[in-house]
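Spelled out, the chains give:
Number of protein chains: 4
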Amino acid sequence: MITKNKKRFIAVIGASEPSAKETRVAEEVGRELARHGATLICGGLGGVMEAACKGASSEGGVTIGILPGDNCQAANPYVQIPIATGIGYARNMAVVKSAQAVIAIGGSYGTLSEIAHALQAGIPVIGLNTWSLSRDNQPDNSIILAQDPTDAVNKALNLISH
Amino acid sequence: MITKNKKRFIAVIGASEPSAKETRVAEEVGRELARHGATLICGGLGGVMEAACKGASSEGGVTIGILPGDNCQAANPYVQIPIATGIGYARNMAVVKSAQAVIAIGGSYGTLSEIAHALQAGIPVIGLNTWSLSRDNQPDNSIILAQDPTDAVNKALNLISH
Amino acid sequence: MITKNKKRFIAVIGASEPSAKETRVAEEVGRELARHGATLICGGLGGVMEAACKGASSEGGVTIGILPGDNCQAANPYVQIPIATGIGYARNMAVVKSAQAVIAIGGSYGTLSEIAHALQAGIPVIGLNTWSLSRDNQPDNSIILAQDPTDAVNKALNLISH
Amino acid sequence: MITKNKKRFIAVIGASEPSAKETRVAEEVGRELARHGATLICGGLGGVMEAACKGASSEGGVTIGILPGDNCQAANPYVQIPIATGIGYARNMAVVKSAQAVIAIGGSYGTLSEIAHALQAGIPVIGLNTWSLSRDNQPDNSIILAQDPTDAVNKALNLISH
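Protein sequence lines correspond, in order, to chains A, B, C and D. The opening residue of the first sequence carries number 2 in this note's numbering; numbering runs sequentially from there. The opening residue of the second sequence carries number 2 in this note's numbering; numbering runs sequentially from there. The opening residue of the third sequence carries number 2 in this note's numbering; numbering runs sequentially from there. The opening residue of the fourth sequence carries number 2 in this note's numbering; numbering runs sequentially from there.
Don't take each hint at face value.
What the hints assert, rightly or not - Result set (DSS-like, lysine-lysine): computed pairs, CA atoms no more than 25 Å apart in a straight line:
| id | chain 1 | residue 1 | chain 2 | residue 2 |
| --- | --- | --- | --- | --- |
| 1 | C | 8 | D | 55 |
| 2 | B | 55 | A | 8 |
| 3 | B | 8 | A | 55 |
Stated by the list, open to error - So, partial list: chain D residues that the calculated Cβ filter (under 10 Å) puts toward chain B:
| id | residue |
| --- | --- |
| 4 | 74 |
| 5 | 78 |
| 6 | 88 |
| 7 | 90 |
| 8 | 107 |
| 9 | 109 |
| 10 | 112 |
| 11 | 115 |
| 12 | 132 |
| 13 | 134 |
| 14 | 137 |
In case anyone wonders, no lab produced these hints; they're calculated from the structure. None of these values were measured; they are calculated from a predicted model. All residues carry an ideal CB built from backbone N, CA and C; glycine is no exception.
With the rest of the complex left out, here is chain A:
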């Protein structure tokens, strides 16, 4: 079963202190990913990361948490596979590079660094009420906008099915 899902790893990124709405959105994104049999990757801590893991777990999905610290005990309770990198915020890069697509929900500067690392590596980013970018006064439309959790998950999975 895991083997079957091997090729579908989706990262969910966002704030560790999200709004109530962002929390609901993240949980629904987690549920949708699990319903499609995709494995969820995240930074392993609280907020959006925990809500997404909670949603995925409730539908029997697999959840991976790539932690900044030295200790797997710091993972939220819905992380099934904790990875303790010990490299601090540099783990943000590992979160997105281990995924084939990234779904960003709101988020602050940590999330922005993950978006940047993903776009730099050519990994598609789907955004739900998150950052928008322009460079030298020209809009950069690399972040694919989604309307809601279902739309975000569909777009992520469609992008990696080719």
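Fit chains B, C and D to the given chain A structure using the hints.
Okay, now just chains B, C and D, sitting in the frame of chain A:
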């Protein structure tokens, strides 16, 4: 099922170009871990890493490969959960810190760095024909010696059952 | 002499393949930093990094290059102090965290990741024709705009003099 | 002046809680390096690192501290050029890879990880009462033994003069 195994992650480390004997030992260590329902963590590449993953997979075990590069495609074919850290040999630290015990099979200086990072973090290391250490001419017996794969896996699992 | 400058480290970030204008701007930023006795930190490679180091060197300034790879030989010829991190793009974080202020010149997604890591760590970012940000459709004005190299260096040094 | 020394970077590694003898040895190694115009690289914190920086500073040498944390303030007072990597113990790799030779003084498992990363990268290691290694019961004589600080510095500088 994965949830049940959540607390038993064992790293297997060793050379990417092992001897034929080390390859056989690694494969048997992988099988034994899987038979006990433990999840295997490794550096995700070839040699001892691949042999251990092959052994674990043959018994239905779960395998995690924490890769040095930017791309999950570099994982050996028996890695079910590839993590692309993009941090080069610094990923050695993540391999051992994500485990509760480490089994070292032979190995060169990369393996020695993993043994050192594990001991530094207080994670027990079980050795099969691997490095031995002395400091300022005093033997350091921190590496727990094992006779064979079964002994190594038993020692690793006993150490983390408390 | 170095001791005196100990507290003034400014990072210059930007594209490895900049426009001709960005190259001129970067070189002038480097010169200005050196004229004020500030130490220049950068990612150590080509483009904006090299131009800034060239400018700083021409005025007798000190230049530090924090490299992604394993080998100091990869540094541009104007780097006096090369640091080989071996951690790939995760070194972007080290570039900004080692500085007290960051000057961003143009740049692509790698530069954006550096801006994000700096803002996340509370390190001020001065921008010259670089990224602008908005979050959930609200402008984020954290990047301090500068008109030209002199203005950028003045703003950076004023920010850290308090 | 710095330009002239560009090609001579020597790392000094050892315990953060050394013996009184190790502290004296480290300080003398720092002095000797400075007398030869070599730049000292270390992990930037206390113990052997601080003693070596103190010795080098007392002879007008240049000192670089590659720190594990996010903040240059953590550097010992004799570090002239602090680098804040934010990657924890993974910075051990950057300490040795930025040097052309490594002098190890005593040390615990963190030092052992640095020795291993250096040997893995082909960077020579000179040892003063530090670890000794054997692999599969065969001595590994890769660590070059030195009798005293002068001998260690001479051996390090001779190794990189070719």
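Check each numbered hint against the structure and report the violated ones by number, ascending. 4 and 5
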